[in-house]
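K.L.:
Residue numbers (my numbering), protein chains in the order written: chain A, 1 to 118; chain B, 1 to 111.
The reader is advised that the hints may include incorrect statements.
Said to hold, decoys possible - Restricting the straight-line Cα-Cα distance to at most 16 Å, the calculated cross-link-like pairs of lysine to aspartate or glutamate (EDC-like) are:
no., chain 1, residue 1, chain 2, residue 2
1, B, 98, A, 106
2, B, 1, B, 27
3, B, 98, B, 3
4, B, 42, B, 3
5, B, 42, A, 111
6, B, 1, B, 84
7, B, 98, A, 111
8, B, 98, B, 39
9, B, 68, B, 27
10, B, 1, A, 59
11, B, 68, B, 56
12, B, 68, B, 15
Derived by calculation from the structure, the hints in this document are not laboratory data.
So you can see what is in the structure, the chains are spelled out below.
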Amino acid sequence: SQTIHQWPATLVQPVGSPLSLECTVEGTSNPNLYWYRQAAGRGLQLLFYSVGIGQISSEVPQNLSASRPQDRQFILSSKKLLLSDSGFYLCAWTNGRRRGHRGAGELFFGEGSRLTVL
Amino acid sequence: KQEVTQIPAALSVPEGENLVLNCSFTDSAIYNLQWFRQDPGKGLTSLLLIQSSQREQTSGRLNASLDKSSGRSTLYIAASQPGDSATYLCAGLYNTDKLIFGTGTRLQVFP
Numbered sequence: 001s002q003t004i005h006q007w008p009a010t011l012v013q014p015v016g017s018p019l020s021l022e023c024t025v026e027g028t029s030n031p032n033l034y035w036y037r038q039a040a041g042r043g044l045q046l047l048f049y050s051v052g053i054g055q056i057s058s059e060v061p062q063n064l065s066a067s068r069p070q071d072r073q074f075i076l077s078s079k080k081l082l083l084s085d086s087g088f089y090l091c092a093w094t095n096g097r098r099r100g101h102r103g104a105g106e107l108f109f110g111e112g113s114r115l116t117v118l
Numbered sequence: 001k002q003e004v005t006q007i008p009a010a011l012s013v014p015e016g017e018n019l020v021l022n023c024s025f026t027d028s029a030i031y032n033l034q035w036f037r038q039d040p041g042k043g044l045t046s047l048l049l050i051q052s053s054q055r056e057q058t059s060g061r062l063n064a065s066l067d068k069s070s071g072r073s074t075l076y077i078a079a080s081q082p083g084d085s086a087t088y089l090c091a092g093l094y095n096t097d098k099l100i101f102g103t104g105t106r107l108q109v110f111p
């Protein structure tokens, strides 16, 4: 069965410090991978998504970046954190839009990483 | 622009009531629509997935419908229980491989 792991679960960082959140998926190949952010009391904002190794699409201009060094690994980074970067970060995966595949496009989430920037 | 809207934003009901949560999307070229549940401080749990060729899906006390022509989906919860209290989100998948989320409905079921 497929599983998704995301870490760290909780992070408290000072302004200006770097960030690295990691997400890995097991039990599938060539997944589509996503990073979302959920600010307090707000909806889910898509930050980045990737349909393959080295392919990153950015949705929102910001000081964050994403990388996909391996097929099932997705990393969210920042060189210098801002106060506004605080939030709940969620990694997710799907098997894409493989037509005829039952459950095609179903999205599965990790448990999230709560980042507090002080 | 592809947008997904959910109403109501919040709902508080007594235990045992049947509920309807609404989800609207502006772009009808949707590939599938998915309903999630989120408990406070937790990730999202997938509840139901409806492909564009389907009209509804059922799982236990949950039933979700999809009407692409009107740009609407509904989540029906039968005989609500306090354990159903959570935020419910819908999301549409488009041919760009992007999932667009609604802002959610916060549900509280009291005994």
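K.L.:
Taking the hints in turn, state whether each one holds.
P.N.:
Taking the hints in turn, this is what the structure says about them:
For the proposed pair residue 98(B) and residue 106(A), the alpha carbon gap of about 12 Å is at most 16 Å, so the pair holds. A hinted pair counts as satisfied when its Cα atoms are at most 16 Å apart, and residue 1(B) with residue 27(B) qualifies at roughly 8 Å. For the suggested pair residue 98(B) and residue 3(B), the alpha carbons sit about 12 Å apart, so the restraint of at most 16 Å is met. Of the supplied pair hints, the one linking residue 42(B) and residue 3(B) is violated, its CA atoms being roughly 24 Å apart against a limit of 16 Å.
Pair hint residue 42(B) plus residue 111(A) holds up; C-alpha atoms about 6 Å apart against a cutoff of 16 Å. Among the hinted pairs, residue 1(B) with residue 84(B) is inconsistent with the structure: their alpha-carbon atoms are about 32 Å apart, more than 16 Å. Distance restraint check for residue 98(B) and residue 111(A): the Cα-Cα separation of roughly 20 Å exceeds the 16 Å cut-off, and the hinted pair is therefore not satisfied. About 23 Å separates the Cα atoms of residue 98(B) and residue 39(B), which puts this hinted pair outside 16 Å; it is violated.
Pair hint residue 68(B) plus residue 27(B) holds up; C-alpha atoms about 9 Å apart against a cutoff of 16 Å. Restraint check: the Cα-Cα separation between residue 1(B) and residue 59(A) comes to about 13 Å, which is no more than 16 Å; the hinted pair holds. Taken as a hint, the residue 68(B) and residue 56(B) pair is honoured in the structure, with Cα atoms around 11 Å apart against an allowance of 16 Å. Only pairs whose Cα atoms come within 16 Å are accepted, and residue 68(B) paired with residue 15(B) is rejected, the gap being roughly 32 Å.
Going through the hint list in order, the structure does not satisfy hints 4, 6, 7, 8 and 12.
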